[in-house]
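Line order of the protein sequences matches chains A and B.
Following this note's numbering, the numbering of the first sequence begins with 1 at its first residue and continues without gaps.
Following this note's numbering, the numbering of the second sequence begins with 1 at its first residue and continues without gaps.
Where hints are given, some of them may not hold.
What the hints assert, rightly or not - One side only, chain A facing chain B, incomplete, derived with CB under 10 Å: (1) N92; (2) D99; (3) E116; (4) R119; (5) C124; (6) R138; (7) G143; (8) S266; (9) G290; (10) F306.
Quick caveat, the hints were computed from the structure, so don't treat them as lab data.
Ideal Cβ placement from N, Cα and C applies to all residues, glycine included.
Number of protein chains: 2
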Amino acid sequence: MSVPVMINAFDSRNAANLDERTRDLVERRQRVLGQPYRMFYEEPVHFDWASGVRLYDAAGNAYLDAYNNVPCVGHCHPRVVAAIAEQAARLNVHTRYLDESIVGYAERLLAHFPAETNRLMLTCTGSEANDLALRIARNHTGGTGFIVTANAYHGISHAIAAMSPSLGLNVPLAVDVRTVAAPDPRLAGSPEAVGAFFEREVRAAIADMQRHGIRPAALLVDTIFSSDGVFSEPAGFLAGAVAAIREAGGLFIADEVQAGFGRMGSHMWGFQRHGLVPDLVTMGKPMGNGYPIAGVVAREEVLERFAREARYFNTFGGNPVACAAATAVLDILRDEDLLANASKVGAHMKAGFEALSKRHDAIGDVRGQGLFLGVDILGADGAPSPGVAGDLVNALRRRRVLISASGPLGHVLKIRPPLPFSIADADELLQVCDEVLATL
Amino acid sequence: MSVPVMINAFDSRNAANLDERTRDLVERRQRVLGQPYRMFYEEPVHFDWASGVRLYDAAGNAYLDAYNNVPCVGHCHPRVVAAIAEQAARLNVHTRYLDESIVGYAERLLAHFPAETNRLMLTCTGSEANDLALRIARNHTGGTGFIVTANAYHGISHAIAAMSPSLGLNVPLAVDVRTVAAPDPRLAGSPEAVGAFFEREVRAAIADMQRHGIRPAALLVDTIFSSDGVFSEPAGFLAGAVAAIREAGGLFIADEVQAGFGRMGSHMWGFQRHGLVPDLVTMGKPMGNGYPIAGVVAREEVLERFAREARYFNTFGGNPVACAAATAVLDILRDEDLLANASKVGAHMKAGFEALSKRHDAIGDVRGQGLFLGVDILGADGAPSPGVAGDLVNALRRRRVLISASGPLGHVLKIRPPLPFSIADADELLQVCDEVLATL
């Protein structure tokens with residue numbers, strides 16, 4: 001039996017090495033959950049409670065969370081918990097009844113967007129948001145062709161998995177999907193060349209589509225290119241590619257599931273660093289700090305035909321409890337000044353990893369913006385090493401620091417902590433990395 | 001501009017007739033939400049809080065809920081609210097970490113299933129559950145052809161909307177989807193003929209697929225056929241159609257989003273009334289009493305190839321808060337004996353509508369099982385009348401009873417209350433219907 005590609009996956013053949021309590025739960029899990037489920041780490045983690053940027057196991061050990069962007073304002077933030085508890089006790093209905101909560105939330109959220117992107121639709125997951133954006137883009141443009149990056153991940157619905165090459169060779173791309181190289185300065189030749197390089201890639205994909213009689217519908221990109229290995233520089237590099245897709249009659253869809261809600265520090269959304277106004281913006285993971293809520297922000301005119309020819313109803317999407325949780329997240333981002341924190345701590349952490357790279361050959365290129373960093377991990381031969389990255393991830397886990405790896409080869413350390421991550425937390429992460437790297 | 005078909009949709013051109021507070025909120029809503037959103041009723045409802053089977057507006061008026069199956073154990077049930085609040089305050093992580101809650105819930109849920117359907121996968125919405133079932137069925141069978149009923153509704157992802165003909169003529173079906181007539185005794189000739197009729201329909205669809213070189217993947221049916229107009233009799237009629245799809249190498253997917261979780265009264269799942277064991281079972285709406293949780297229960301062997309070639313991760317799906325809510329729902333269904341209540345009150349209500357049909361020409365055929373009834377509404381000419389159904393729905397809303405209509409023509413009253421609906425609640429619904437019908 002071939003083993004599917006997943007970075008940092010637990011291998012159940014190693015279950016015998018686990019302590020009895022863990023092994024028992026792993027075995028129970030395997031008896032009732034579908035086999036497509038995977039866990040992280042050589043030795044799975046099992047938590048009892050969490051708060052801020054720490055998770056605690058049943059023995060009371062604290063783990064530092066340098067990985068999870070869903071609890072963006074911190075695990076179990078009391079204001080989010082209170083908002084959920086109060087609204088769940090009062091009223092939870094669907095969007096076919098009139099309700100203040102979704103209207104108030106939409107007004108609050110849209111205030112963080114350019115004036116042109118002025119309409120909100122809510123779903124429960126980022127996959128649903130990208131899937132809805134796909135339906136809208138097809139409907140508005142009359143096209144079916146989508147362009148994504150070579151190792152993109154946009155979600156797990158049938159249509160979106162077919163434009164998520166990072167799911168692996170056994171999940172086929174749709175016939176009208178084209179991939180382009182990631183905006184990697186090393187492929188482009190230099191950081192300055194990234195914009196022109198990426199634009200050329202997109203123009204070539206458009207030409208190939210057209211040669212096959214496929215009308216372009218959209219360019220869909222994660223604005224921090226996380227599964228491709230984290231590419232954020234230089235700010236502004238997306239402009240040429242976006243102009244190219246629009247010239248061809250397609251839309252620009254900014255997938256903000258990873259970069260959005262202030263993680264970049266300098267801006268609320270990744271696309272803002274590129275000086276662009278997208279046609280559709282999708283968002284998810286951090287939106288409700290873990291309550292299932294996601295959405296699409298659109299230019300009004302892009303929704304017109306879809307509104308005339310179809311309708312949209314998502315039973316749980318935009319319910320009052322989801323909107324209460326999401327409103328609390330916006331309140332906390334503002335009141336705790338978390339964008340400024342992301343800028344400050346992100347810059348400190350990036351400088352720290354750059355300093356580590358001078359002392360450890362295993363640390364290569366350090367990329368990213370705000371509290372989203374990608375760090376290349378290299379082998380003794382100086383080549384990208386998913387093996388060393390895996391060893392580092394598991395060594396950090398044994399030292400109770402949560403992290404994972406990403407990128408097409410799995411050699412990019414993905415650092416994406418909750419936004420209240422402090423300078424002291426960053427120093428702890430850097431210190432443990434330093435110690436662990438000395439032992440690898 | 002053509003108006004899209006949606007039964008019982010609010011027409012914003014009528015906003016001028018609303019009271020000032022409602023009009024203001026409707027206008028704010030229209031400025032920020034995507035135009036594909038629709039509300040119910042000539043005059044939208046706007047609630048302040050809810051409990052049990054009642055919703056209350058800001059003026060303190062109580063509305064009887066005879067429509068909403070999502071709050072299946074009653075609106076804002078305190079045990080569900082407490083479970084959500086406690087777990088949200090403690091820990092909310094994803095399924096790549098080991099956690100007791102999803103394992104415990106899976107064990108509890110699977111105990112309500114036949115032994116062969118022994119694996120659970122969790123999503124956030126019923127659409128995602130059907131979309132995942134589609135991916136699994138395609139992967140397992142190697143086929144792409146799906147059979148659904150003529151006015152089926154299975155969800156709103158791109159792939160599932162393309163097998164949901166009830167979304168209307170502007171949402172095209174996929175080229176490898178075939179529709180069959182609903183299992184309507186009037187089309188079959190008699191109740192006894194329904195099974196053979198539906199089997200013939202499915203066999204013809206399979207033959208047509210095969211003639212076009214399409215390999216069948218699955219027969220996908222809502223086991224109460226709600227959007228087709230509610231067809232439940234005679235129990236067992238699905239067996240022939242299911243045998244036919246299996247002979248052709250396809251799977252049987254039971255969509256329990258509407259019928260599941262005890263609404264049928266006699267059984268936990270609609271498929272059980274047909275004496276069948278499906279290959280895949282999808283579920284959603286009532287699963288977490290409004291917390292976004294949905295899922296797929298599968299035969300282990302059906303997941304094997306998908307597990308080998310793909311993997312599945314849904315960021316929010318199966319998180320500990322979702323599992324806490326869903327576990328509370330199972331507890332309450334048991335402790336409050338809600339299946340027995342659904343049987344008892346459903347039978348009383350069905351008899352009540354049958355009695356009304358003798359006194360009001362507008363009431364035609366009465367169908368359904370447990371707390372899911374479909375009642376045909378007829379015009380003065382004795383023909384199905386969506387107009388009279390709409391008048392009745394809006395008249396009931398003015399009398400503060402919530403209901404809607406369904407079916408291919410929109411003339412079927414859809415009665416689907418929270419499961420704690422009592423005999424007194426049913427009598428109130430019947431009484432108000434009686435009075436309103438006398439005025440139409």
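Hint check:
For N92 of chain A, the interface hint holds, since its Cβ comes within 10 Å of a Cβ in chain B; the closest pair sits about 4 Å apart. Look at D99 of chain A: its Cβ gets to within about 7 Å of chain B, closer than 10 Å, so that hint holds up. About 14 Å separates the beta-carbon of E116 of chain A from the nearest beta-carbon of chain B, more than 10 Å, and the hint is not met. Residue-level restraint check for R119 of chain A holds (minimum Cβ-Cβ distance to chain B is 5 Å; threshold 10 Å).
With a cut of 10 Å, the hint placing C124 of chain A at the interface with chain B holds, because the nearest CB-to-CB distance is about 4 Å. Hint status for R138 of chain A relative to chain B: holds, with the closest Cβ pair at about 8 Å, below 10 Å. The beta carbon of G143 of chain A comes no nearer than 14 Å to any beta carbon in chain B, farther than 10 Å, and the hint placing it at the interface is violated. Residue-level restraint check for S266 of chain A is violated (minimum Cβ-Cβ distance to chain B is 25 Å; threshold 10 Å).
Because the smallest distance between the Cβ of G290 of chain A and any Cβ of chain B comes to about 4 Å, under 10 Å, the interface hint for this residue holds. Hint status for F306 of chain A relative to chain B: holds, with the closest Cβ pair at about 6 Å, below 10 Å.
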